[in-house]
Amino acid sequence: MTTPVIETNGLAKRFGRTWGLRDCTLSIPPGKVAALVGPNGAGKSTLLRMAAGLSRPTSGQITVLGSVPSTEDASLLKRVGYLDQVRPLYRGFLVDEMFRFGAGTNPTWNMATAHDYVDQLGISLRDRVDNLSGGQRAQVALTMCLAKQLELLILDEPAAELDPVAREDLLRLLMREVAERGTNVVLSTHALGDVGSICDYLVIMSHSRIVLADDLEFVVESHRFLSAASSNAPALPEGVTVIDTRTSSREVTHLARMTLPLVDETWQVTEPTLDEIIMAYLRLGTGSTLSQSHYDAPTARGGVS
Amino acid sequence: MTWMAWRLQRSVYLFVVAVSLLLIAYAIVNGLHIEALRHQWLGQPCHGGNGFAAQYQTRCQAENNQYLNAIGSGVYVHWFAALPTAVLGLLLGANTVAGEIDRNTARTAWTQSITRGRWFTTKVAVGLGSLVLLAIPLCVTVSWWLTASRWTPRISTNGFTYAGWMPLATGVFAFAVTVIVGTVIRRPGWTIAVGLAVMVVLPWTMQTDVRTNLVPLRSTTLTLTTVTKQGETFGTTGRAPANAWVIFDGIVPVGAGNTLVTWGQETPWLDAVNKCPSNVTGPSGYAACLRRLGLHEVELYVADSQYWELQLREGGLYLAGTALLLGAGLFLVRRVKA
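Residue numbers (our numbering), protein chains in the order written: chain A, 1 to 305; chain E, 1 to 338.
To be clear, the hints were calculated from the coordinates, so they are not data collected in a lab.
Computed from a prediction, not measured in an experiment: that's the story for all the values here.
Just to be clear, a hint being listed does not mean it is correct.
Said to hold, decoys possible - Take a look, some chain A residues computed to stay more than 10 angstroms from chain E by CB distance:
#, residue
1, 27
2, 175
3, 238
4, 259
5, 265
Stated by the list, open to error - Between beta-carbon pairs, the in silico distance windows are:
#, chain 1, residue 1, chain 2, residue 2, range
6, A, 149, E, 76, 55 to 61 angstroms
7, A, 112, E, 76, 54 to 60 angstroms
8, A, 18, E, 129, 40 to 46 angstroms
9, A, 161, E, 334, 29 to 35 angstroms
10, E, 209, A, 18, 44 to 50 angstroms
11, E, 335, A, 249, 55 to 61 angstroms
12, E, 40, A, 96, 57 to 63 angstroms
13, A, 18, E, 328, 26 to 32 angstroms
14, A, 58, E, 320, 35 to 41 angstroms
15, E, 6, A, 70, 25 to 31 angstroms
A virtual CB, placed ideally from N, CA and C, is assigned to each residue, including glycine.
Please take these sequences and the hints and turn them into a complete structure.
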């Protein structure tokens, strides 16, 4: 299967006078756990809601598993699960009733899977949704998605506001699903630690735009810290795009994306951590250290505008 | 999905059903009580006040008071069908879309494997179905109570609006109003407030401006007769039949037909009548003056026999409005963002 799980072309969404998302061109390949990372208001939720068919683009196109999300396309709805960041379950319902709702609205619903998951998490079917903790509610909401037996799982900050144990349980449940069923996952997160541990594709968003989208492995491989004495730092060669620069009285350090190994030995080359790369891009989005030309620089792969 | 739609409205619905059962019980007891007191008042020895022996003066006075007090105690019963169905309609309608958007549960519902169209039609069908199930016994009860209590003729404004199948029709219309308003403004509280305003203004307009145009009016020409006891006041014959809804009583040109006249139209005719000689002392002189002016006094009315025809037409208007609003709701809900 080579159809991208989510593909966008010039996608934009405007809320009144404000752009929630703009100029978004992206192609997330299948078989990935993709992370959308960015500050609040970067457009992550807007993108995910359009992918889930909950809102429509102002301009541009989006396809999910090869189809345009539609409120009337049951065949696509059947293949996609969506977990909203507020985990909206019906207050006053029992867990069992939530599952009954899932079974009644999803022809591929697997009740045994749903029971199995909540059983492992120590949640009773007779528990009332109102009485569940935030973590348990997230687990039930995720179970609602997983029991659909879907192909693509869209998760909007699934682990937000969860305590470490609940977070660990949720991610374990998620990874089990990916390992057993090969489900595609696209999730948004503020937790950079989760990105390295569970994701293999990275999308960084800032100021309603995408600033990087690529395989996580390639992202790590293609970025380096380049350091040189401030007094004699040479010009950077072609093929090197500076993402972030830190200067001190004695030294200048660039975080740079490189397409080829650097041969100029004046530069001291070290490998950044994933967190450092992501933080550099997030700073780039705020315009705190870099010029606009960097902001628009294309990535090496991944078809990002 | 049907179960889900029912589950979401269950608590509100059962609460209104419980209240309605109490209202039905009260209406039945009250209706039977009034009926018994009326039979007692009309029977021996009081004969409904039409001649009873002097020795029964106190007893008949008491029976009459009891009867009138019982009617007074039931004056609110005519609301017992229209009010619960309209309130339930407003609540269920506001909950159908606005409630789900407000609580964010629409994001869960709209990402399951059913289309929004099916989600909407199922919720609407369950809401309407349960509303009709509640409305039928309430409508039957209030219609029976009106007959039993003889509080007001069924074709009169109060009788007509609150009995027959009008409460059902206005209830489902209230439901449709809050469904469509809720889809647009997305907040259940505001939706109910707007729905309430609509359900006050619209039925009032229907009652005052529309209803009289829904069935052909009938007319009767009044004839003046001398009231023999006083000798100097007038009485009339030829009035509309008992239990008719009299809409107009006034002076119109002969041959004007059965259409309602406005106050502006009637003014010159009344001015002309006022020019009749002031020394007209009897019905024949007054009638002769009217004849000379080409005028006569008529009553325009809707007869009791037109009751169900009017019910069908006015109720039909509400149902057509309901269908239109729900169709618009289906169109909008497919496009609204969650």
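Exercise. Is it true that the C-beta distance of residue 18 of chain A to residue 129 of chain E lies inside 40 to 46 angstroms, as the hint says?
Worked result: Since residue 18 of chain A and residue 129 of chain E have Cβ atoms about 43 angstroms apart, the given range 40 to 46 angstroms holds.
Problem set entry | Consistency of beta-carbon spacing, residue 70 of chain A to residue 6 of chain E, with hint 25 to 31 angstroms | 27 angstroms, holds
For this session: Determine whether the Cβ-Cβ distance between residue 40 of chain E and residue 96 of chain A falls within the hinted range of 57 to 63 angstroms.
Result: Cβ of residue 40 of chain E to Cβ of residue 96 of chain A: about 58 angstroms, so the range 57 to 63 angstroms holds.
For this session: Confirm or reject the claim that residue 161 of chain A and residue 334 of chain E have a C-beta distance inside 29 to 35 angstroms.
Result: Roughly 33 angstroms apart at Cβ, these two residues keep to the hinted range, so it holds.
For this session: Measuring Cβ to Cβ, find out whether residue 238 of chain A lies farther than 10 angstroms from everything in chain E.
Result: Per Cβ check, residue 238 of chain A is outside 10 angstroms of chain E; nearest 45 angstroms; holds.
Problem set entry | 10 angstroms Cβ clearance of residue 259 of chain A from chain E | 40 angstroms, holds
Problem set entry | Cβ separation of residue 149 of chain A and residue 76 of chain E, checked against the hinted range 55 to 61 angstroms | 56 angstroms, holds
Exercise. How does the Cβ-Cβ distance of residue 112 of chain A and residue 76 of chain E compare with 54 to 60 angstroms: does it lie in that range?
Worked result: 55 angstroms, holds
Problem set entry | Outcome for the supplied range 55 to 61 angstroms, where the beta carbon pair is residue 335 of chain E and residue 249 of chain A | For residue 335 of chain E and residue 249 of chain A the Cβ distance comes to about 59 angstroms; the hint holds.
Exercise. Closest CB-CB distance from residue 265 of chain A to chain E, is it above 10 angstroms?
Worked result: 55 angstroms, holds
For this session: Mind checking the hinted window 26 to 32 angstroms against the Cβ distance between residue 18 of chain A and residue 328 of chain E?
Result: Roughly 29 angstroms apart at Cβ, these two residues keep to the hinted range, so it holds.
Problem set entry | Non-interface claim for residue 27 of chain A, where every Cβ of chain E lies beyond 10 angstroms | 22 angstroms, holds
Going through the hint list in order, the structure satisfies each hint without exception.
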